[in-house]
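Visitor: Fit chain B to the known structure of chain A by using the hints.
Those protein sequence lines, which keep their order, are chains A and B. Numbering-wise (the working numbering), the first sequence opens with residue 364 and increments by one. Numbering-wise (the working numbering), the second sequence opens with residue 364 and increments by one.
These are computed hints drawn from the structure, not numbers from a lab. Treat the hints with care, since some could be wrong.
Copies of the same chain look alike in the list, so a pair counts if it fits in one copy or across any two.
25 Å max Cα-Cα, derived SDA-like pairs, lysine to any residue [said to hold, decoys possible]:
1) K376 x R517
2) K414 x E397
3) K496 x T506
4) K496 x N511
5) K496 x R517
6) K368 x G486
7) K496 x E509
8) K368 x R522
9) K496 x D510
10) K496 x W507
11) K376 x A417
12) K403 x M521
13) K403 x D455
14) K368 x R517
15) K368 x E509
16) K496 x P514
17) K368 x V518
18) K368 x R525
Owing to the predicted nature of the structure, the values given are computational and were not obtained by experimental measurement.
There are 2 protein chains.
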Amino acid sequence: MTHAKDNFIAWLKSAHAMEEQAITMLTAQTRRLENYPDLKARMLQHLEETKNHAEVLQTLLNNLSGAPSTLKDIAGRIAATVQGIPGLLMSDEVVKFTAAAYSFEHLEIAFYRMLITAADELGETEAQGIFEKILAEEVAMATWLEDNLDPITRVFLMRDERDLQAKR
Amino acid sequence: MTHAKDNFIAWLKSAHAMEEQAITMLTAQTRRLENYPDLKARMLQHLEETKNHAEVLQTLLNNLSGAPSTLKDIAGRIAATVQGIPGLLMSDEVVKFTAAAYSFEHLEIAFYRMLITAADELGETEAQGIFEKILAEEVAMATWLEDNLDPITRVFLMRDERDLQAKR
Numbered sequence: 364m365t366h367a368k369d370n371f372i373a374w375l376k377s378a379h380a381m382e383e384q385a386i387t388m389l390t391a392q393t394r395r396l397e398n399y400p401d402l403k404a405r406m407l408q409h410l411e412e413t414k415n416h417a418e419v420l421q422t423l424l425n426n427l428s429g430a431p432s433t434l435k436d437i438a439g440r441i442a443a444t445v446q447g448i449p450g451l452l453m454s455d456e457v458v459k460f461t462a463a464a465y466s467f468e469h470l471e472i473a474f475y476r477m478l479i480t481a482a483d484e485l486g487e488t489e490a491q492g493i494f495e496k497i498l499a500e501e502v503a504m505a506t507w508l509e510d511n512l513d514p515i516t517r518v519f520l521m522r523d524e525r526d527l528q529a530k531r
Numbered sequence: 364m365t366h367a368k369d370n371f372i373a374w375l376k377s378a379h380a381m382e383e384q385a386i387t388m389l390t391a392q393t394r395r396l397e398n399y400p401d402l403k404a405r406m407l408q409h410l411e412e413t414k415n416h417a418e419v420l421q422t423l424l425n426n427l428s429g430a431p432s433t434l435k436d437i438a439g440r441i442a443a444t445v446q447g448i449p450g451l452l453m454s455d456e457v458v459k460f461t462a463a464a465y466s467f468e469h470l471e472i473a474f475y476r477m478l479i480t481a482a483d484e485l486g487e488t489e490a491q492g493i494f495e496k497i498l499a500e501e502v503a504m505a506t507w508l509e510d511n512l513d514p515i516t517r518v519f520l521m522r523d524e525r526d527l528q529a530k531r
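Next comes chain A alone, as it looks inside the complex (with noise of 0.2 Å):
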């Protein structure tokens, strides 16, 4: 086995991680957005995509390297951290939750677009087929994430703001 290969498996375990820990994170978060009815279903319709993803990679990588993922205690390591980071600066749940999904997003995104360069490199045309697909879904999240931040904001300033004058 070339050192290409030992990254591309390496980095695709890295994926079938993120992906795992994905859908313990939306699982978790969707069930707090009842204000948010869009947000919501967006966010329910990526964990079904999600769940297809890890399971999509788990498969790739039995046939690949005939050995499961074990990075359990490390996709819950990055899952504290990406749900810890906004969560130091905002006590506004919904506006933290979007901007690190968002973030997440990104690494997913970045992770992809090194595992299709991998998978060029080594000629492994129907794993990178799987991850254009996988990638065009995290861009469409990433995507509608970016283009709903601003209304998701104001609606958050605008309740904040009622429910403070309600208390006065």
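Guide: Positioned in the frame of chain A, the structure of chain B alone reads:
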């Protein structure tokens, strides 16, 4: 002061802390990019832009609230985080650095978009103009990283393979 203004100033402080941390990260990382001159040059350019962002935000904070940012500890935790994520996943420093920088740029992009929205809601037109100018530089940096992730990954894989061959 309205609740919206509280949120605005809190986000502004977070953005300032992120820029301060970006200075620390970029200073440390650019020193280690000897073999990737294009990446190094672009990051050094962004380091200068980032220093300017931190200064402009500090002035804005002083004008708006009279208080400087004191979020050094939070900034440190973010840095540990962002530098740590791909560090857990890969042994290939330049590629992980590029992916982490790309993700971090999008955390900054999300924050500036939130700030632009909040400034618009509050009629803070001067601040809004400042954020839009900074956002353009963050987006340009993110676009550069996206465009260069493929060639950086290929160069890494090629060198890594060559180094392995040399050891045989």
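Visitor: Checking each numbered hint in turn, tell me which of them this model violates, lowest number first.
Guide: No hint contradicted; all consistent.
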